[in-house]
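Here is how the chains run, residue by residue.
There are 2 protein chains.
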Amino acid sequence: MDYRFSDAMSNISPSAIREILKYSSDPAVVPFSAGNPAPEAFPVSRIAEISARILSERPITALQYGATEGYQPLREHLCRYLKEKHRIGSEADSLIITTGAQQVMELAAKSLCNAGDVIITEDPSFIGSLNSFRSIGAKLVGVPIRPDGMDLEALEEALKANPNAKLIYTIPNFQNPTGVTMSWEKRQGVYALAKQYGVLIVEDNPYGDLRFAGEDIPAIKTLDTDGIVIYAGSFSKVLSPGMRVAYAVGPEPVIRKMTVAKQGEDVHTNMWAQMVTYEFMQEGFEQHLDSLRAIYRKKAELMMRLCDEHLVPTGITYLPIEGGLFLWATLPEGADMPRFCTEAVKEHKVAFVPGTAFLTDQSVPCRSFRLNFSTPTDEAMIRGMQILGKFAHEYLK
Amino acid sequence: MDYRFSDAMSNISPSAIREILKYSSDPAVVPFSAGNPAPEAFPVSRIAEISARILSERPITALQYGATEGYQPLREHLCRYLKEKHRIGSEADSLIITTGAQQVMELAAKSLCNAGDVIITEDPSFIGSLNSFRSIGAKLVGVPIRPDGMDLEALEEALKANPNAKLIYTIPNFQNPTGVTMSWEKRQGVYALAKQYGVLIVEDNPYGDLRFAGEDIPAIKTLDTDGIVIYAGSFSKVLSPGMRVAYAVGPEPVIRKMTVAKQGEDVHTNMWAQMVTYEFMQEGFEQHLDSLRAIYRKKAELMMRLCDEHLVPTGITYLPIEGGLFLWATLPEGADMPRFCTEAVKEHKVAFVPGTAFLTDQSVPCRSFRLNFSTPTDEAMIRGMQILGKFAHEYLK
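Keeping their order, the protein sequence lines are chains A and B. Just so you know, the first sequence maps onto residues 7 to 403 in the numbering used here. Just so you know, the second sequence maps onto residues 7 to 403 in the numbering used here.
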């Protein structure tokens with residue numbers, strides 16, 4: 007049988023990241039390639055205790071079908087919480103619980119874009135979201151990212167050149183893969199341009215709670231008096247990715263359409279996970295976030311120190327970060343980055359992700375790579391960066 | 007803001023079923039409209055016990071990111087189980103765990119169909135799947151269903167008339183909404199036609215384990231020496247729908263493409279639910295299925311008795327069933343079915359679903375409606391059917 011796939015799905019190439027991740031499953035490999043929360047960041051005993059209570063007191067609610075929009079107590083709590091803590095959400099907005107934040111991107115794109123419509127995105131950006139957009143046949147137009155966020159001139163050019171642009175996709179805090187945070191001025195600029203050109207914004211904020219230095223910058227969604235921002239939040243980095251609980255806050259008609267789309271995908275999100283998340287938020291949630299920030303501050307500072315010590319002397323540069331889980335490093339001019347990544351994992355058992363994977367056009371030359379510091383233990387980080395430094399020294403001389 | 011949605015999503019009308027379900031949330035309403043497993047069918051204490059063990063012994067596996075394909079022990083166990091018990095799956099097949107079986111339909115359609123491509127389906131069929139297909143822009147072509155399954159002549163005509171048909175969608179066992187089971191001869195016929203016209207089959211089997219009378223008929227997938235059948239199974243009706251665990255077995259290249267599509271939707275299915283499902287299958291699973299069949303046999307037999315007693319004398323007919331969760335009833339010629347459904351729920355607080363909801367073309371006249379007997383208690387069923395009989399008697403005289 008000669009299988010012919012849809013045009014959209016045929017255009018997604020098996021990603022470089024998966025190749026690298028294959029090697030990473032070898033326990034001898036130092037996994038700077040993943041994006042997993044640190045094992046010590048999981049509030050295991052509280053989840054076990056909450057889960058036992060739910061399965062004893064309300065088992066049928068946890069095991070029966072639920073509403074597509076999500077578990078009502080969690081929806082209501084999140085609406086209040088986001089309004090009070092982050093000034094996110096208005097009377098004109100609605101909230102849907104999703105199976106991970108990836109689903110927000112897919113549902114938004116599916117609801118708003120026909121095949122061939124354009125989605126404008128930071129370039130590089132999170133490969134999962136890019137593939138999500140590709141899977142519904144959207145055309146990606148990349149806008150370069152600077153140390154303070156999207157290049158606004160390039161964004162305006164992209165909007166002018168693509169009258170069929172439907173969405174602007176951004177990760178404003180500790181962007182994946184670059185770790186860059188968008189300045190308040192640029193957030194206002196992106197909002198103004200989106201409004202001017204009649205395009206919606208998808209604001210993806212999985213790492214916002216993981217700021218360990220500097221000051222929080224309000225979400226673009228806080229500016230949204232025009233009903234043009236779909237805001238995505240997630241519990242994957244602050245509670246558990248395996249539970250797959252996230253949410254979107256957006257204009258009611260858009261969330262309603264996304265709900266219809268979700269009904270055709272997974273009907274609703276796992277009920278147990280929604281109930282555990284709700285109960286978990288009722289007590290000590292802020293202290294839990296504090297403890298996560300302490301964990302990742304320590305790991306990030308260690309990682310930056312190791313970069314300074316082992317990579318910078320070889321000519322590799324990196325962008326310093328104030329939060330999130332990733333560092334973006336760049337080889338000096340003339341260096342062959344893909345080969346560097348491949349040799350590092352194959353011959354030295356240190357895995358990280360070639361920057362190419364995150365580009366809207368993967369054929370564009372790229373000398374950067376992404377280092378994750380939440381997955382490996384401190385010991386593995388120290389060992390891995392020593393090895394990487396030695397290899398880089400040889401490779402780049 | 008004037009929101010413009012994608013063509014595919016604009017074509018999905020807020021379904022009649024949702025209108026009816028709104029009324030059903032009133033606890034005074036008898037819910038023949040839902041499709042929920044009976045509360046007594048949930049193995050609550052075993053799930054609680056397994057869950058506690060998992061969260062104590064392997065919490066990080068349950069809470070961390072998992073593979074898109076699914077939890078490996080569950081995948082391997084299911085492959086063996088399906089092969090040994092149902093002769094499903096070959097060397098050329100692969101298996102993916104999905105977030106409910108709805109996701110199988112969506113992933114298959116997304117992987118294989120461009121907007122405008124045709125999916126041929128039994129008519130009526132499950133509205134969730136039809137909307138799933140509509141959401142990716144597929145055009146639905148309905149083939150009438152007979153008491154022994156799809157009309158094969160109509161199927162061949164549909165295949166001839168639609169060279170861009172990519173999939174044939176069927177629920178061969180206790181079809182939703184009609185309760186019809188496809189004969190072995192017709193299964194062979196559907197397979198032969200699919201092969202002849204180079205079209206894949208999506209075989210959706212959520213109710214297969216709920217046969218309480220008659221003999222099991224092998225799945226179409228057991229015929230699949232050509233790699234043309236994607237088989238979908240689910241734990242929603244035999245363990246818990248709230249957990250959202252299902253799977254697809256299909257040709258390896260197709261499952262691989264569906265895996266890429268799933269990665270762009272929810273990355274992977276809730277890990278806890280996959281682990282609970284795996285552990286649950288290790289002990290007493292067959293006895294559990296036996297106990298479910300006993301529960302639903304009793305409820306189905308009661309429901310058929312109540313139909314004979316209260317509906318048949320008014321001129322309403324129904325198709326007898328040997329399994330599943332639904333009965334398909336039809337008003338006598340000339341009767342206004344939509345008004346019958348609306349008045350029943352609004353004025354008599356008995357909810358069921360107008361057959362129109364399940365049609366590929368909802369503008370076609372229809373006199374049938376779907377009655378579910380797993381959701382209401384026996385007492386509610388008896389009361390509801392008495393009320394419905396009385397109302398039908400008035401309405402149809």
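Simulated from the structure, these hints should not be mistaken for lab results. Treat the hints with care, as some may be off.
If the Cβ cut is set under 7 Å, some of the chain A residues that face chain B in the computed set are [said to hold, decoys possible]:
{"no.": "1", "residue": "74"}
{"no.": "2", "residue": "92"}
{"no.": "3", "residue": "248"}
{"no.": "4", "residue": "272"}
Covered by chain B, per the in silico footprint, the following chain A stretches (three or more residues, Cβ under 8 Å) [stated by the list, open to error]:
{"no.": "5", "stretch": "186-200"}
{"no.": "6", "stretch": "230-239"}
{"no.": "7", "stretch": "277-285"}
All values reported here derive from a predicted model rather than from experimental measurement. Virtual Cβ for every residue (Gly too), placed ideally from N, Cα, C.
Hint check:
1. 74: Because about 9 Å separates residue 74 of chain A from the closest Cβ in chain B, which is outside the 7 Å limit, the hint is violated.
2. 92: Status violated, d = 22 Å.
3. 248: Constraint on residue 248 of chain A satisfied, holds at 4 Å.
4. 272: holds, 4 Å
5. 186-200: violated (count 0)
6. 230-239: Three-residue rule met by the stretch 230-239 of chain A, so holds; n is 3.
7. 277-285: holds (count 3)
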